[in-house]
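> Sequence:
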Amino acid sequence: MSNRVYVGNLSWGVSWQDLKDHMRDAGEVAYAKILQDRDGRSKGCGIVEFTTVEGAQEAITKLTDTELKGRKIFVREDREDGKRGGGGGGGGGGGGGGGYAGPPPPAADAGPPPAEGTQLFVGNLSWETGWQDLKDHFRTIGEVERADVVIGRDGRSRGFGFIRYGTADEAQKAIAEMNGVEFMGRPLEVRLDNKA
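For the sequence shown, our numbering assigns the number 196 to the last residue and increments by one with no breaks.
FYI, nobody ran anything at the bench for these hints, they're computed from the structure.
Please read these numbers as outputs of a predicted model, since none were measured by experiment.
Errors might be hidden in some of the hints.
[Unchecked claim] Below, in silico cross-link-like pairs of lysine to aspartate or glutamate (EDC-like), each with a Cα-Cα straight-line distance of 20 Å or less:
| hint | residue 1 | residue 2 |
| --- | --- | --- |
| 1 | K69 | D18 |
| 2 | K20 | D169 |
| 3 | K20 | D78 |
| 4 | K20 | E67 |
| 5 | K69 | D136 |
| 6 | K72 | D39 |
| 7 | K43 | D133 |
| 8 | K195 | D169 |
| 9 | K173 | E145 |
| 10 | K72 | D18 |
| 11 | K62 | E116 |
[Claimed, not checked] Quick list of the computed label-pair ranges, beta carbon to beta carbon:
| hint | residue 1 | residue 2 | range |
| --- | --- | --- | --- |
| 12 | G44 | D154 | 18 to 26 Å |
| 13 | R76 | S11 | 17 to 25 Å |
| 14 | N194 | S2 | 38 to 46 Å |
| 15 | R24 | K173 | 37 to 45 Å |
| 16 | W12 | E182 | 42 to 50 Å |
| 17 | D37 | K72 | 37 to 45 Å |
| 18 | P113 | T51 | 37 to 45 Å |
Each residue gets a CB set at the ideal place from its N, CA and C atoms; glycine is no exception.
Use the sequences and the hints to build the structure in full.
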């Protein structure tokens with residue numbers, strides 16, 4: 001038995017934070033993650049790692065068939081311990097893209113490198129901001145080709161991310177209109193990504 005459990009039958013609206021809060025009834029949660037498809041949508045299941053094996057066992061006995069956001073969940077031992085590829089795609093909706101070793105390298109699944117001047121660094125993000133929130137916010141300027149929120153090894157946002165537009169003009173417009181503007185309670189830092 002490991003200290004990690006698989007949780008199924010999750011409502012699409014459940015975030016990693018919702019899952020973590022729900023699982024705290026069984027013990028101290030090291031991290032929680034919602035598994036996602038390539039488009040960053042929830043697959044309706046997740047992984048929760050407890051600080052102890054007892055916590056995981058307690059979750060299986062105590063939290064199976066409990067209701068989370070209107071659906072009865074099931075909890076079992078995670079049988080693919082450590083081998084799961086995970087979210088990928090949009091860097092995870094706040095729940096961690098990539099595998100357990102941390103986020104994938106930025107260009108791992110990003111296709112061709114961005115055209116010069118089209119990729120932006122976005123800093124001072126609220127911890128709750130997921131890549132979809134970021135994409136929707138920046139879509140008001142122009143077509144967003146890619147949005148990422150960088151996730152740490154603990155599955156939590158590191159408070160910054162990246163936006164890629166199709167043209168440098170849209171990127172410049174976003175800098176002019178979004179830098180210093182409050183989003184989800186915090187003023188954004190928006191600038192060209194020097195490493196792109």
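> Tell me the numbers of any earlier hints that the structure contravenes, in ascending order.
The structure conflicts with hints 2, 5, 6, 11, 16, 17, although it agrees with all the remaining ones.
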